[in-house]
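Engineer: Take a look at the letters that make up each chain.
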Amino acid sequence: MIRIEPRNTNSAIFSYGVPILSALVALILASIPLWFAGAPVLVSYVEMAKGVFGSKFAFSEMLTRATPLMFTGLAAALAFRAKLWNIGAEGQLYLGAMAAVAVGTGVLEAPAFILVPIIILFGCAAGSVGMVVPAFLKTRYGADEVVTTLLLNFIILIFLQYMLEGPLKDPMGLGWPQSSPILDQGMLPPLMERMRVHSGLLIAVACALIAQFMLVRSVWGFKLRAVGENVFAARHAGIKVNRTILGAAIASGALAGMAGVSEVAGLKGYLTSDLSPGFGYAGIIVAMLAGLSPIGVVISALFIASVFVGADSMSRAMGVSSYLADLVVSTSLLCVLIGGFFARFKLVKTSVKGQN
Amino acid sequence: MAEIIQILLSDSFWAASLRIATPLIFGVLGALICEKSGVLNLGIEGIFVAGAMSGWMAVWLGAGLWGGVIVAGLAGAFFGLIHAILTVPLGLSQHVSGLGVTLFATSVSYFFYRTALPDVSSPPRIEPFRPLEIPILSDLPFVGPVFFQQTALTWLALFMVGLVWYIMNRTGLGVAIKAVGDNPNSVDAQGLSVYGLRIGAIVVGSALMALGGAFLTMSAFDAFFFGMVNGRGWICIALVIFASWKPGKALFGALLFGAFDALQVRMQTEVGAKVPTQVFLAAPYVLSIVALVIAARRAEYPRALLTPWFKGQR
Amino acid sequence: MTSPPVLHLNGLTKTFGSVQAAQSISLELFKGEVLALLGENGAGKTTLMNMLFGHYMPDSGTIDIFDTSGTAKPLQLGNPQAAIAAGIGMVHQHFTLAENLDALDNIMLGSERFFDFRRNKTKAMQKVQKIMDDSGLAAPMNIPVGKLTVGERQRVEILKALYQDVKILVLDEPTAVLTPQEADKLFENITTMTKNGLSVIFISHKLREVLAFSNRIAVLRHGRKVGEISSKEANERKIARLMVGEETEISSRKKMKSGEAVLELDNLTISGSSKRESISNVNLIVKKHEILGIAGISGNGQTVLANAISGLLKPSSGKIKLESEILISNDPSNIIQAGVGRIPEDRHKDGIVGQMTVAENMILEDLSNKRIQSRGLLNREAIIQHCEDLSVKYDVRGPGANASARLLSGGNIQKLILARVFEAAPKLILANQPTRGLDMGAAADVANRLLEARQRGSGVILISEDLDEILSLSDRIMVIYDGELKAVETHDRETIGLMMAGEAA
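Chains as they are written, first to last, in the numbering used here: chain A, 1 to 356; chain B, 1 to 314; chain C, 1 to 505.
Since the hints were made in silico from the structure, they are not lab data. Note that the structure is predicted; figures quoted are calculated from it, not measured. Any given hint could be a false lead.
Under the rule of at most 25 angstroms between Cα atoms (straight-line distance), these lysine-lysine pairs were calculated in the BS3-like manner [to be verified]:
1) A:Lys240 - C:Lys314
2) C:Lys349 - A:Lys240
3) C:Lys121 - C:Lys147
4) C:Lys314 - C:Lys349
5) C:Lys254 - C:Lys393
6) C:Lys257 - C:Lys288
7) C:Lys349 - B:Lys311
8) C:Lys147 - C:Lys130
9) C:Lys321 - A:Lys240
10) C:Lys370 - A:Lys240
11) C:Lys287 - C:Lys255
12) C:Lys314 - C:Lys185
13) C:Lys427 - C:Lys486
14) C:Lys288 - C:Lys393
15) B:Lys246 - A:Lys169
16) C:Lys121 - C:Lys185
17) C:Lys121 - B:Lys246
18) C:Lys427 - C:Lys321
19) C:Lys288 - C:Lys238
20) C:Lys147 - B:Lys246
21) C:Lys185 - C:Lys147
22) C:Lys254 - C:Lys232
23) C:Lys195 - C:Lys232
24) C:Lys31 - C:Lys185
25) C:Lys319 - A:Lys240
26) A:Lys240 - C:Lys427
27) A:Lys346 - B:Lys311
28) C:Lys31 - C:Lys121
29) C:Lys287 - C:Lys314
30) C:Lys486 - C:Lys321
31) C:Lys73 - C:Lys123
32) A:Lys83 - C:Lys349
33) C:Lys185 - C:Lys130
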């Protein structure tokens with residue numbers, strides 16, 4: 001007979017080891033679908049690595065892909081810390097992008113040092129609104145935010161279609177449902193010559209550092225953690241629970257909105273309805289892999305981005321479906337969940353002496 | 001107003017409502033069984049995708065329509081089992097595990113679909129379920145088209161409503177499932193297995209969810225598309241709360257939803273020029289949120305929902 | 001003892017890690033006998049019973065069950081089904097009932113086939129009715145258990161066990177939730193049942209009832225059986241010494257003149273969704289240098305009353321006055337600021353955030369204090385220092401300031417809460433079931449701290465189910481029943497017991 005017993009220590013080896021091990025296991029498990037697809041397994045892994053580390057360009061592409069994942073990962077991590085299940089980062093990302101396009105494409109003529117902050121501000125505010133609504137429905141009516149944020153994703157995508165066919169449509173766009181381009185002085189400056197990686201990456205890393213500091217060192221972060229870990233004790237101790245949840249919602253939504261700003265004003269320049277290939281959902285995995293630690297989000301975003309970029313280039317070279325990347329990423333989530341269990345509990349084999 | 005009444009009186013409208021409601025009925029029943037046993041199953045969206053893809057694929061490979069249904073059910077059971085292992089004996093967060101299963105099931109389905117059909121731009125079609133024509137009954141005015149020109153899967157869904165109701169309210173198994181969702185210790189103290197009941201409920205519930213997906217590719221349409229599930233799973237999760245975890249109310253909720261969806265499609269053609277189509281497209285999701293907000297306050301959640309239980313720890 | 005044995009535990013031993021939870025414990029139980037199992041928390045009672053029920057696998061030892069002819073048969077260990085099949089039944093302290101089902105469904109659970117086309121509820125009801133007639137236990141069978149009173153639920157629990165044709169019934173702290181009169185009724189029923197041949201193991205820490213109702217007493221301490229005596233030969237002092245080893249002394253209550261009023265409740269009414277969640281027209285005054293004890297069976301409005309004073313609930317009508325300032329607030333932080341310290345009923349749920357550190361839990365109620373933060377940023381060194389100071393002062397023992405609070409033992413969690421509350425020098429202390437589930441040492445510590453606070457001039461409200469505790473600590477006593485609070489004139493056990501049962505004294 002096997003019993004489950006909690007471990008009495010939170011060992012550092014587990015908190016760092018589990019995510020790394022999970023990521024490795026997920027990568028190794030990917031050999032099964034590779035084999036199924038008939039690709040030579042080892043060569044495929046080499047191709048994958050080449051796709052990330054094979055050239056300066058490849059590496060910069062990985063960083064470009066990691067940028068929005070850091071933002072959505074932080075959005076999920078902060079909200080989840082408060083046990084606010086924000087599954088709506090995908091929608092909030094598009095809200096942020098729409099706001100960026102709304103103010104950044106010529107409505108406002110200003111030099112870069114004014115226009116860029118304004119675009120960021122509006123993008124973050126729009127993202128926040130997208131999370132404050134479900135947070136309000138949760139605190140006021142008890143409506144489960146998982147379902148509302150998930151459903152809002154669909155509503156926002158439909159709203160985006162409408163905006164791209166109507167108010168935000170580019171008159172010069174030859175009829176395509178896309179927005180006008182953001183003014184040059186509204187764009188986040190690139191980081192390297194002839195590469196797509198842009199200063200959104202720096203903002204993302206800065207956000208992670210700030211978030212980490214606020215969580216650990218500020219009263220705001222203390223309250224957020226207390227509400228997340230035990231809402232009853234927090235309320236009993238006089239912490240204003242609804243206000244704290246709303247604060248987490250604002251921060252989380254703003255970060256997701258920033259992902260949209262960063263993609264549209266850092267990379268694409270204009271908005272289409274396929275701006276995000278699921279960055280919002282992938283952000284949840286990034287956050288879980290990071291153990292909900294903001295600094296950890298930076299690292300796990302780099303890993304997830306590597307999987308995506310590497311698998312993309314591998315799939316081109318080997319003719320394997322690029323959905324392999326999603327498969328690896330979602331497998332790593334399941335692995336880290338199981339790993340997290342073994343970090344918190346141990347299985348104890350109870351003696352079977354005397355049993356017939 | 002006159003147009004709406006016109007629509008409400010037409011048999012095709014009600015036939016469409018029942019058709020649209022069918023996958024939701026499967027989904028809500030599946031979610032209901034899981035939640036009654038105390039486990040939220042957010043894997044539902046991915047299980048829909050897996051059911052849709054695997055069922056269709058099986059038919060396309062020559063398994064026959066009912067073969068496809070069985071394959072879809074097995075696929076749902078498989079992904080349900082993953083969720084069950086993560087949430088029941090391991091007691092992990094039901095939210096995160098469910099989302100993980102959704103992402104996993106979706107990516108597995110997409111990967112296998114793409115691997116099997118690498119280069120097709122328009123997906124191959126299968127011969128889907130045909131409406132069950134019943135002599136005489138099908139020719140009845142109004143009732144005939146609404147009820148007796150539905151496919152076998154719709155009938156299966158309606159039958160399942162009755163079966164689930166019967167099991168939950170009239171059998172020892174139903175009593176045990178309700179007990180384990182209220183207070184797992186009550187079941188444990190009587191020598192029944194908490195883990196067994198919960199894992200069983202999740203596996204069976206997930207199989208039902210997958211049938212909802214299978215209906216999409218084998219009855220509503222005749223092919224598999226990316227993104228075809230389109231949030232139906234999440235809508236089911238909202239509907240379960242709206243239905244207070246009761247099979248009869250679940251049927252009512254799904255039908256109401258189907259009717260609303262059918263209505264908006266018809267309204268679109270009537271007043272499409274004046275109102276942007278997106279208003280109609282967004283309506284089902286908005287409706288779900290509204291239903292959730294209305295129901296949330298008075299909802300009596302199964303008491304043990306979301307709470308893991310470990311053997312020997314009271 | 002002339003009756004034949006029914007159960008024999010031989011040298012049962014169980015260790016968890018480094019803890020010896022049970023060391024070679026042997027016990028005999030005879031037919032028709034009530035054996036009391038006494039011991040403090042952690043003495044090994046629960047471990048022993050878990051081994052009997054197959055929930056734990058003993059490291060060594062055997063269990064024999066005797067059949068009607070008197071031949072011993074070894075029980076298969078580590079197998080709950082075998083225990084049930086052997087006719088062993090248990091009534092847990094925490095009820096194992098599904099509240100959404102009616103009593104009959106709860107009783108039938110597990111003893112019917114899953115897929116019978118028709119469940120035979122009529123036949124089951126006949127059997128239950130016969131058991132009710134034989135034992136004198138009665139409870140409504142056809143309404144959801146969630147709507148039954150605590151006493152009724154307990155009877156359902158016992159009926160559930162008897163329905164399985166048990167020969168040996170274990171009752172774990174059965175009177176904890178009952179009024180003295182309800183408890184007497186229960187013992188009457190037990191006597192009837194033992195006359196019909198049932199054997200009962202009765203786990204308790206209430207010496208009085210153990211002496212009155214058992215035939216034999218076995219005492220456990222630190223995982224060992226330290227004594228076994230016939231109840232006729234035992235007295236309270238003798239058993240208490242066996243249980244504790246040495247006697248812990250609660251510092252005696254000095255006579256003290258109470259001062260002016262600290263807290264006044266003026267016609268306080270809260271209308272909850274059910275009777276259990278309501279109180280009506282509650283009036284009370286707590287003065288400085290005074291402990292006001294509120295006795296009552298849980299579920300009669302104590303939680304609502306405590307939540308109202310804690311600021312978790314908004315009164316429907318009436319006033320809460322602290323030093324004649326009116327507190328109208330459903331905001332706990334205002335209440336804390338005003339000088340009310342609260343020791344919550346459920347210390348794990350409401351008292352601490354288990355995943356946060358001991359140091360963080362120490363400052364949980366004090367986040368605006370400039371000593372530990374400035375401009376919204378926490379001063380870590382000050383927080384650790386604060387925690388270490390208080391841990392010494394209040395004797396909080398555990399793995400350190402930076403360890404998760406969940407790793408502390410129940411007694412140390414309570415000490416952490418006491419440290420937090422008393423350090424704020426509150427004018428009023430609300431202690432809700434402050435010693436529930438603590439061992440004697442920790443309970444004495446809590447009692448002493450409350451007496452100290454009274455000495456210093458705080459007013460104390462002590463809400464407890466333990467009538468002995470109320471009687472020994474309180475200056476004045478009130479009884480809460482069905483949401484109404486009544487003052488007690490004489491500190492007489494019998495009178496208070498009747499009032500706890502809702503009968504006018």
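Engineer: Confirm or reject each hint.
Structural biologist: Hint-by-hint comparison with the structure:
Of the pairs offered as hints, the one joining lysine 240 of chain A and lysine 314 of chain C holds, with about 15 angstroms between alpha carbons and a cut-off of 25 angstroms not exceeded. The straight-line distance between the Cα atoms of lysine 349 of chain C and lysine 240 of chain A is roughly 17 angstroms, inside the 25 angstroms bound, and the hint therefore holds. For a cut-off of 25 angstroms, the pair hint linking lysine 121 of chain C to lysine 147 of chain C stands: about 20 angstroms separates their Cα positions. A hinted pair counts as satisfied when its Cα atoms are at most 25 angstroms apart, and lysine 314 of chain C with lysine 349 of chain C qualifies at roughly 21 angstroms.
Between lysine 254 of chain C and lysine 393 of chain C, the direct Cα distance comes to roughly 23 angstroms. Compliance with the 25 angstroms bound is thereby established for this hinted pair. Taken as a hint, the lysine 257 of chain C and lysine 288 of chain C pair is honoured in the structure, with Cα atoms around 9 angstroms apart against an allowance of 25 angstroms. Restraint check for lysine 349 of chain C and lysine 311 of chain B: the C-alpha separation of about 21 angstroms stays at or below 25 angstroms, so the hint holds. Taking the CA atoms of lysine 147 of chain C and lysine 130 of chain C, the gap is near 24 angstroms; set against the 25 angstroms cutoff, the hint holds.
Straight-line distance between C-alpha atoms of lysine 321 of chain C and lysine 240 of chain A comes to about 23 angstroms, which keeps the hinted pair within the 25 angstroms bound. For the hint pairing lysine 370 of chain C with lysine 240 of chain A, the CA-to-CA distance comes to about 19 angstroms; that is within 25 angstroms, so the pair holds. With a C-alpha separation of about 14 angstroms, the suggested pair lysine 287 of chain C and lysine 255 of chain C falls inside the 25 angstroms cut-off, and the hint holds. Between lysine 314 of chain C and lysine 185 of chain C the CA atoms are separated by roughly 38 angstroms; this puts the pair beyond 25 angstroms, and the hint is violated.
Under the criterion of a C-alpha separation no larger than 25 angstroms, the hint pairing lysine 427 of chain C with lysine 486 of chain C is consistent with the structure, at around 24 angstroms. Among the hinted pairs, lysine 288 of chain C with lysine 393 of chain C is consistent with the structure: their alpha-carbon atoms are about 24 angstroms apart, no more than 25 angstroms. Straight-line distance between C-alpha atoms of lysine 246 of chain B and lysine 169 of chain A comes to about 46 angstroms, which puts the hinted pair past the 25 angstroms bound. Taking the CA atoms of lysine 121 of chain C and lysine 185 of chain C, the gap is near 28 angstroms; set against the 25 angstroms cutoff, the hint is violated.
For the proposed pair lysine 121 of chain C and lysine 246 of chain B, the alpha carbon gap of about 22 angstroms is at most 25 angstroms, so the pair holds. For a cut-off of 25 angstroms, the pair hint linking lysine 427 of chain C to lysine 321 of chain C stands: about 12 angstroms separates their Cα positions. Distance check on the hinted pair: lysine 288 of chain C and lysine 238 of chain C sit about 38 angstroms apart at the alpha-carbon level, beyond 25 angstroms; violated. Distance hint between lysine 147 of chain C and lysine 246 of chain B is fulfilled; the C-alpha atoms sit about 20 angstroms from each other, no more than 25 angstroms.
Simply put, lysine 185 of chain C and lysine 147 of chain C have alpha-carbon atoms about 21 angstroms apart, close enough for the 25 angstroms limit, and the pair holds. The straight-line distance between the Cα atoms of lysine 254 of chain C and lysine 232 of chain C is roughly 36 angstroms, outside the 25 angstroms bound, and the hint therefore fails. Distance check on the hinted pair: lysine 195 of chain C and lysine 232 of chain C sit about 19 angstroms apart at the alpha-carbon level, within 25 angstroms; holds. A threshold of 25 angstroms between alpha carbons decides the hint, and for lysine 31 of chain C with lysine 185 of chain C the separation of about 22 angstroms falls inside it, so the pair holds.
Between lysine 319 of chain C and lysine 240 of chain A, the direct Cα distance comes to roughly 23 angstroms. Compliance with the 25 angstroms bound is thereby established for this hinted pair. At most 25 angstroms may separate the alpha-carbon atoms for a hinted pair to count; lysine 240 of chain A and lysine 427 of chain C meet this at roughly 23 angstroms. Simply put, lysine 346 of chain A and lysine 311 of chain B have alpha-carbon atoms about 14 angstroms apart, close enough for the 25 angstroms limit, and the pair holds. Between lysine 31 of chain C and lysine 121 of chain C the CA atoms are separated by roughly 32 angstroms; this puts the pair beyond 25 angstroms, and the hint is violated.
Using a Cα cut-off of 25 angstroms, the hinted pair lysine 287 of chain C and lysine 314 of chain C holds, with the two alpha carbons roughly 23 angstroms apart. Taking the CA atoms of lysine 486 of chain C and lysine 321 of chain C, the gap is about 19 angstroms. The hint holds against a cut of 25 angstroms. For a cut-off of 25 angstroms, the pair hint linking lysine 73 of chain C to lysine 123 of chain C is broken: about 32 angstroms separates their Cα positions. Restraint check for lysine 83 of chain A and lysine 349 of chain C: the C-alpha separation of about 16 angstroms stays at or below 25 angstroms, so the hint holds.
Distance restraint check for lysine 185 of chain C and lysine 130 of chain C: the Cα-Cα separation of roughly 19 angstroms lies within the 25 angstroms cut-off, and the hinted pair is therefore satisfied.
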